[in-house]
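Chemist: Sequence:
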Amino acid sequence: MKMAVSDFFNFFSMKKIYFYFLLFLSVRLSAQQLSIEPAFWWSGMQESELQLMVYGSNIADYKAAITSPHVYLKESVALESPNYKLLYLDISKSVPETFDIVFTNGKKKITIPYELKQRDPSRKNVKGFDSSDVLYLIMPDRFANGDPTNDQLPMRMPYKVDRNDPNARHGGDLKGISDHLDYLHNLGVTAIWLNPVLENDMDGGSYHGYATTNYYRVDPRFGSNDEYVKLIEDTHAKGMKVVMDMIFNHCGSDHPWMKDIPSKDWFNNLDPYVQTTHVKEVYYDLYASQYDTKQMTDGWFVPSMPDLNQRNRHVAKYLIQNSIWWIEYAGVDGIRQDTYPYADYQMMIDWCRAIENEYPNYNIVGEAWYNNPVGTAFWQKDSKLNNKENTQLKSVMDFRLMGLAHSAFFEETGEWGGGLRNIYEHMATDYVYPDIYNVLRFLDNHDTDRFLPEMLKNLDSFKQGITFLLTIPGIPQIYYGTELLMNGNKSRSDGDIRKDVPGGWPNDSVDQFTAEGRSELQNEAFNFMQKLLKWRQGNEILAKGKMKHYVPQNGVYVYERYLNDKSIVVFMNGTSKEASIDLGRYTESINNRKTANDIISGQQIQFADKLVMSPRQIMIFEI
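In terms of my numbering, the sequence shown opens at residue 1017 and continues consecutively.
Because the hints were derived from the structure by calculation, they are not lab data.
Check the hints yourself; a few may be wrong.
[To be verified] Cut-off 27 Å, straight-line C-alpha distance, at most; resulting in silico cross-link-like pairs (DSSO-like, lysine-lysine): (1) K1133 / K1079; (2) K1246 / K1550; (3) K1254 / K1547; (4) K1246 / K1515; (5) K1109 / K1079; (6) K1404 / K1473; (7) K1124 / K1090; (8) K1397 / K1564; (9) K1310 / K1397; (10) K1176 / K1191; (11) K1143 / K1550; (12) K1090 / K1109; (13) K1626 / K1610; (14) K1547 / K1562; (15) K1143 / K1254; (16) K1079 / K1143; (17) K1191 / K1123; (18) K1191 / K1560; (19) K1133 / K1246; (20) K1079 / K1275; (21) K1560 / K1610; (22) K1547 / K1515; (23) K1124 / K1191; (24) K1079 / K1090; (25) K1123 / K1090; (26) K1582 / K1626; (27) K1626 / K1564; (28) K1176 / K1310; (29) K1547 / K1610; (30) K1610 / K1564; (31) K1610 / K1593; (32) K1593 / K1626; (33) K1124 / K1079; (34) K1090 / K1143; (35) K1582 / K1550; (36) K1593 / K1473; (37) K1140 / K1547; (38) K1610 / K1582; (39) K1143 / K1133; (40) K1109 / K1176.
If you're wondering where the values come from, they're calculated on a predicted model, not measured in any experiment.
Using the sequences provided together with the hints, build the complete structure.
Modeler: Structure follows, in structure tokens:
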């Protein structure tokens, strides 16, 4: 067949166009197969170095270049897996812009746009939670289901939604929390701490959130990233804060890093498997062996939670950046860091410094679970009990108080032990903390027995525990449902201490978020807690005041909080008997006052030589 010259050139042009179309399509498809974490960043940050983790088929074979005149490529790192490339960018002179990252391998070329956003100037001034706050801990899966359409979604790993199975997902989500912000605001808490909300795409569901499979994505069964941001904005609009739960020590075994391991030193003890001993005392034990120390820190928490190696500088940078990204992106007001002593000691110092550098008024509380205050205090910033480098960790959790509370407020107080005598002795050890006002105090949480082991017949123990929690130095934390007398025992199952709130699901027969749905006793408990929480808001004596207490006598524990010329004096009868109290012993706190207002009863009390208290009675005097 003959072809005219014009036809030939037309054909050639079409072939050329077709060739470039295929090339464009190929590049486009290749680009779509690449992922970059974080997906965007901000100009104007204190930290001048930005790490980008690029993932895609054989991306290590590609050379990277940056098109921006304001951003400099400092380092390009290929890992042992050919599918990862780490780019370290100098953004010290960056401006808000979108520039291209160009990957080339011979004639192959992939172009990816990357955005540096304009930083919100208010972010750097975010004020973290402090002793003026009361944190309310929520397990999202068990609080309320505001959007049933996200219950069963196509995920990589199989799971089920079954409210009758304590270990399955129940369907609670961010929308459910958002729907009940008025309830929380009305109760009087000032901050909500959510158990981890990031993707946990694990076999079985991992409803608790502590096995992360994507550090930059909210689990879609809870909602979207945008919904998380909206929840925080709505919470802020009501004058409350949000604390984000993070986990640096480990990820979930179904994280993509376990499917395609970046490098053999990305994790500790991949082969053979080593279980941590959980013996955290090795940090301050003068006699600890290197063997025990290494097994504690480098062993896996459980087989489904691979131990990340934070000594790897790339892992450390990734985790530190991720925290900053969520603060900057979502506006979270504080961080609770899980399994704090299990992660690398030096890396956690670097993390605290990085956060404080970007956000000077921020607060982080670390879960350092010890049954003695010495072990806990070791981890707080400026601790004199720590002969290692300063941890820089501002806040720690008083697990010892939690352990005592489960018995102390339920048993008789003796002259030499039991009941409130044990509480007194614990408070006498507060001197070990360099900053007692930054110690998180709590009666229970998602990992412990509920403060209330069973449904109560009366509220004596409940009221004493709540009163004590809300009137001592530190940052109080309340576990969701306590105001509803929710009870549970961990020995039965984790699900027993993580029950659904009745009324949080569309078809629930009762709604305990409303007074009408609660029993008379539950309403009494709710109203009591609400009264104290509202009274505590803006109360500088409780937030900043010093404490003085008296050795319990005849089962009665008395302590004072004071600031300048004002004070609050608390009387607690820790026995099932009437108590007659000689007020002369407490002259230095009562200060010769003849009358005082009792916050509990709302009545004015006349002080005489004696004060008579009924069994288990509480009195809170403003003096």
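Chemist: Determine for every hint whether it applies to the structure shown.
Modeler: Tested hints:
no., hint, verdict
1, K1133 / K1079, "holds (25 Å)"
2, K1246 / K1550, "holds (26 Å)"
3, K1254 / K1547, "holds (18 Å)"
4, K1246 / K1515, "holds (26 Å)"
5, K1109 / K1079, "holds (23 Å)"
6, K1404 / K1473, "violated (49 Å)"
7, K1124 / K1090, "holds (23 Å)"
8, K1397 / K1564, "holds (24 Å)"
9, K1310 / K1397, "holds (23 Å)"
10, K1176 / K1191, "holds (20 Å)"
11, K1143 / K1550, "holds (21 Å)"
12, K1090 / K1109, "holds (13 Å)"
13, K1626 / K1610, "holds (12 Å)"
14, K1547 / K1562, "holds (23 Å)"
15, K1143 / K1254, "holds (16 Å)"
16, K1079 / K1143, "violated (42 Å)"
17, K1191 / K1123, "violated (49 Å)"
18, K1191 / K1560, "violated (35 Å)"
19, K1133 / K1246, "holds (19 Å)"
20, K1079 / K1275, "holds (25 Å)"
21, K1560 / K1610, "holds (26 Å)"
22, K1547 / K1515, "holds (25 Å)"
23, K1124 / K1191, "violated (45 Å)"
24, K1079 / K1090, "holds (13 Å)"
25, K1123 / K1090, "holds (24 Å)"
26, K1582 / K1626, "holds (23 Å)"
27, K1626 / K1564, "holds (21 Å)"
28, K1176 / K1310, "violated (37 Å)"
29, K1547 / K1610, "holds (25 Å)"
30, K1610 / K1564, "holds (20 Å)"
31, K1610 / K1593, "holds (26 Å)"
32, K1593 / K1626, "holds (16 Å)"
33, K1124 / K1079, "holds (10 Å)"
34, K1090 / K1143, "violated (33 Å)"
35, K1582 / K1550, "holds (19 Å)"
36, K1593 / K1473, "holds (17 Å)"
37, K1140 / K1547, "violated (34 Å)"
38, K1610 / K1582, "holds (15 Å)"
39, K1143 / K1133, "holds (22 Å)"
40, K1109 / K1176, "violated (49 Å)"
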